[in-house]
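Protein chains in written order, with the numbering used here: chain A, 1 to 474; chain B, 1001 to 1395.
Keep in mind the hints are simulated off the structure, nothing from the lab. Cβ atoms here follow ideal geometry from the backbone N, Cα and C, with glycine treated the same way. Possibly wrong hints are sitting among the right ones.
To be verified - Pairs of lysine to aspartate or glutamate, DMTMM-like flavour, derived with a Cα cap of 20 Å:
#1 B:Lys1232 with B:Asp1103
#2 A:Lys444 with B:Glu1249
#3 A:Lys398 with B:Glu1253
#4 A:Lys366 with B:Asp1255
#5 A:Lys444 with B:Asp1159
#6 A:Lys366 with A:Glu355
#7 A:Lys401 with B:Asp1159
#8 A:Lys401 with B:Asp1255
#9 A:Lys399 with B:Glu1253
#10 A:Lys377 with B:Glu1249
#11 A:Lys444 with B:Asp1255
#12 A:Lys368 with B:Glu1253
#13 A:Lys123 with A:Glu162
#14 A:Lys387 with B:Glu1253
#15 B:Lys1266 with B:Glu1249
What the hints assert, rightly or not - Sample of chain A residues facing chain B (criterion: CB under 7 Å; computed from the structure):
#16 Ala339
#17 Pro342
#18 Ser348
#19 Leu352
#20 Glu355
#21 Thr382
#22 Ser406
#23 Tyr409
#24 Asn424
#25 Ile445
#26 Asn464
Said to hold, decoys possible - These stretches of chain B come out as covered by chain A in the derived footprint (C-beta under 8 Å, 3 or more residues):
#27 1144 to 1151
#28 1196 to 1204
Listed here are the chains, written in short residue letters.
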Amino acid sequence: MVGITSYGAYIPLWRLSREAIAHEWGQPSAPGEKAVASFDEDSLTMSVAAAIDCLDGINRDGVDSLFFASTTSPYVEKQAAALIAACTDLRSDILTADHSNSLRAGTIAMRAAIDAVKAGTAKQALVTAADVRISRPRSVMEQNLGDGGVALLFGDTDVIAEVEGYHTVSSGIIDVWRPEGEIKISSWEDRFNFEEGYFKAVKDAVSACMEKCGLGPKDISKAVYYAPDSRRYQQMARQLGLDLKTQVQAPLLDIMGCTGTSYALMLLVAALEEAKPGDRILVANYGDGADTFILRVTNQIEKVRGRRGVKGNLKAKRMLSDYATYMQWRNLVDVEPTANRPPMLSPSAAALQRERDSILRFHGVKCKSCGTVQYPKQRVCTKCRSKDNFEEVRLSDKKGKIFTYSMDYIAGSTDVPLVVTIVNFDGGGRALLELTDRDINEVKIDMPVEFSLRRLYTAGGIHNYFWKAIPLRA
Amino acid sequence: MAGIKDRVAIIGMGCSKFGERWEAGHEDLLVESCFEAFDDAGVGPEDIQAGWLGIQNGPISGQLLAHALKLDYIPVTRVENFCATGTDALRNACYAVAAGVYDLVLVAGVEKLKDSPYTGLVGGGPAMINSGVTPPVPPPVQFALAATRYAYHYGMSIDELKKGLARISVKNHHNGALNPKAHFQREVTLEQVLNAPIIAFPLGLFDCCGVSDGSAAAIITRPELTKNFKHKDDYVLVKAISLAIGHREGELEDDFNFVSFTESVKAAEMAYKEAGIKEPFKEIDHAEVHDCFSITENIIYEDLSFCPRGKAKEYVEAGIFDLDGELAVNPDGGLKCFGHPIGASGLRMIYEVYLQLQGRAGPRQRKNPTLGLTHNLGGRPGSFSCAIGIFGRAS
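Between the sequences and the hints, there should be enough to build the whole structure, so can you do that?
What follows is the structure in structure tokens.
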């Protein structure tokens, strides 16, 4: 039996109300708000967060493939999946691949994972998908797009949702596109996009898949599918012959937005969080064609409860104060810094490579003689001076507490004041870390924190990733 | 270990005007301080047998000193050890003189911070080629980490802490107002200090020292040779110079408390032992300490045993460290009024002690001082280079 064995998700803390966007441009507002990646987040960091959620309680050495899907990979040349695998502390002798360039990349990666497990070339294949898509300011899409990430683990033992069948159609239609060198999405006009593109492709793929599996609309317990906005989400339910109230997963568009490549899979996670054994879930995704899957929930489903998932992530949120901050975070405006600080120089690739276990895997060491945990890795123990007598410990999934902190009001242009902390890890050790996703009125000594991979800065075209502390999420 | 006590004499010193010296380059500042020292000692550059130069950033190698003074193919060593740079240059020079390798040596420190286009003290940090993942923590942030913890540790509110710290800034500005070589020569009030904008919470503008250019220099020999020089009766004796280098315990060990800096404690132990000091508070008349931030001076009082742990606020508010107090701290105005041109600071501090011991400190003169101390602390809480010097009058 091949299928999903675990799931996880990540939604950034920040929300921007659609009213704030609409107000800026004197436009009518769509209801609700959208999730917004912080200034230091991207599709790679959100994938890592979702993967860590998904792998909670699972031996990471068992994962032997990692597929990353996004239309907004931080690099055009340079694989994100290999970095994600390192930051997630997976083995290095595994297959990693990026699936990109299509909103369907998430389900294409899922298909690759399923096929690999089926073929026996992978035992446990992890799929992550995330997007931070940018559309033209003032566009309808600007209000609809949200940011988020998801992770699904596929395997053939302890399956929580078995893959009963799948079907794909591909299409060269030009409805939504982004040429090389451009950061904002372009699109053709809506009627064409939805009537000739979206509805047609999804309906074709779904009916073919149902036919293959010998199923009808009544057999579906819950459907999850891509939709650019709430109106199309509802229309699609009617077109597929599904009852919107009982058979369709709540679209989250009002509280999260459409998260691109990861969207349909995030709805799948939301569906799995509520699913009962025996439920049959229809997954449909759109982009340059359509992918559909039929999944059957097993009685193993109860074993993966307690993840943060979509529900848990949605519990924590902070509203962005204004549209200008959003513009700044997405690099759509260039703002004056609060103080002149030196420009960040390109980090040394040699140093990053040498220190990769400390930096990406967030490994510290524990002295085998005296037990002292130290970060970063040392050769000689700071306490007992033993030489080269350490075991490595992973700190990324530990919790910690703020030992002391400061707030830098002359830190530059983003996130001022920059909160710098000394964090003591539960279980020993400490590190000097930035605190992000913070409310400066809540920062205090002994505040509980967890750790989140973030993009520190970009210099010389190199995105420098490292761990920051964040206030412990609910 | 023989130690350095009474084996080296300072027979001349000079100190440039500190400040935003837009018109003066490194060489101009060195000429200003070194020629004052030559005049003071009654010697010329041609008499110097070896040089030690302290500078952290800017021109590298010992050549800078030779270029400025046109030294005649003599050895010059460049020293860098963070904020302890100037004092460490003197330390190395003292050992060469005490060993008898040289009889007359010039020690100079210089730094130009104001040629940088950036705010505050911009040292190695991002300019160093490394992985770049250490958070950007400029000095105010590093020391603010200690301030936040100090308040928590002693159960004070941040406001209470800041009141005590403000008193330190007011004191140092008062002293600086009496010093024509200081960058800032203005008094400030407690209200001004407390209402200043925050730089790195909880530290405000007046909790931070200035950013300045400057240079200072010393000429040293052995005590038995002083009869050949101008200050044969009032030269100043080196009683101790210690240097303690941290191994980064504060960042690695989760029991390091951020309210005491081990490097200061160890350097003080070494220096007091070398100088034969049993009761520092009673025996030391005045101290020039590393007040890069008000919280630093606050913690130094305790680490140097000038007051019991947790009592710094009480002592400073009682005026004990004032210019006319029992133990004057930073009688020349400190880093607060001189800024911190890194390579120069240690020697600038020694310059004040030198003047005080000779009775030449003008409106800042202490009554009949016998022992003065200097203290530099470079790096960040958790890993410092700390140098302490103790100086006394010619016996």
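Here is how each hint holds up against the structure:
This hinted pair checks out: Lys1232 (chain B) and Asp1103 (chain B) have alpha carbons roughly 15 Å apart, not beyond 20 Å. With a C-alpha separation of about 23 Å, the suggested pairing of Lys444 (chain A) with Glu1249 (chain B) is violated against the 20 Å cut-off. Proposed proximity of Lys398 (chain A) and Glu1253 (chain B) is supported: the alpha carbons are some 17 Å apart, at most 20 Å. Annotation: proposed proximity of Lys366 (chain A) to Asp1255 (chain B) holds, straight-line Cα distance about 15 Å (limit 20 Å).
With a CA separation close to 15 Å, the supplied pair Lys444 (chain A) and Asp1159 (chain B) stays within the 20 Å bound. Under the criterion of a C-alpha separation no larger than 20 Å, the hint pairing Lys366 (chain A) with Glu355 (chain A) is consistent with the structure, at around 17 Å. The suggested pairing of Lys401 (chain A) with Asp1159 (chain B) is violated, with an alpha-carbon distance near 23 Å, which exceeds 20 Å. Note on Lys401 (chain A) and Asp1255 (chain B): the hinted pairing holds, with a Cα-Cα distance of about 13 Å set against a maximum of 20 Å.
Note on Lys399 (chain A) and Glu1253 (chain B): the hinted pairing holds, with a Cα-Cα distance of about 17 Å set against a maximum of 20 Å. In summary, the hint linking Lys377 (chain A) to Glu1249 (chain B) is supported, as the alpha carbons are separated by about 13 Å, within the 20 Å threshold. For a cut-off of 20 Å, the pair hint linking Lys444 (chain A) to Asp1255 (chain B) stands: about 18 Å separates their Cα positions. Between the alpha carbons of Lys368 (chain A) and Glu1253 (chain B) the distance comes to roughly 15 Å, so the proposed pair stays at or under 20 Å and holds.
Among the hinted pairs, Lys123 (chain A) with Glu162 (chain A) is consistent with the structure: their alpha-carbon atoms are about 15 Å apart, no more than 20 Å. Proposed proximity of Lys387 (chain A) and Glu1253 (chain B) is supported: the alpha carbons are some 17 Å apart, at most 20 Å. The hinted pair formed by Lys1266 (chain B) and Glu1249 (chain B) meets the criterion: a straight-line CA distance of about 14 Å does not exceed 20 Å. The interface hint given for Ala339 (chain A) is met, as the beta carbon of that residue sits about 4 Å from the closest beta carbon of chain B, less than 7 Å.
The beta carbon of Pro342 (chain A) is positioned within 7 Å of a beta carbon in chain B (closest approach about 5 Å), and the interface hint is therefore held. Checking Ser348 (chain A) against chain B by beta carbon gives a least distance of about 5 Å; that is within 7 Å, so the hint holds. The beta carbon of Leu352 (chain A) is positioned within 7 Å of a beta carbon in chain B (closest approach about 5 Å), and the interface hint is therefore held. Annotation: interface hint on Glu355 (chain A) holds; nearest CB of chain B at approximately 5 Å, less than 7 Å.
Satisfaction of the interface hint for Thr382 (chain A) is found here, the shortest Cβ-Cβ separation to chain B being roughly 4 Å, below the 7 Å cut-off. Annotation: interface hint on Ser406 (chain A) holds; nearest CB of chain B at approximately 3 Å, less than 7 Å. Contact between Tyr409 (chain A) and chain B, as hinted, is supported at the beta carbon level, the nearest pair being about 5 Å apart and thus within 7 Å. Among the interface hints, the one on Asn424 (chain A) holds; its C-beta lies about 5 Å from the nearest C-beta in chain B, closer than the 7 Å criterion.
For Ile445 (chain A), the interface hint holds, the least distance from its beta-carbon to any beta-carbon of chain B being 5 Å, beneath 7 Å. For Asn464 (chain A), the interface hint holds, since its Cβ comes within 7 Å of a Cβ in chain B; the closest pair sits about 5 Å apart. For a cut-off of 8 Å, the count of residues in the region 1144 to 1151 of chain B with a CB near a CB of chain A stands at 6, and the three-residue condition holds. With a cut-off of 8 Å between beta carbons, the region 1196 to 1204 of chain B has 7 residues touching chain A; three or more are needed, and the interface restraint holds.
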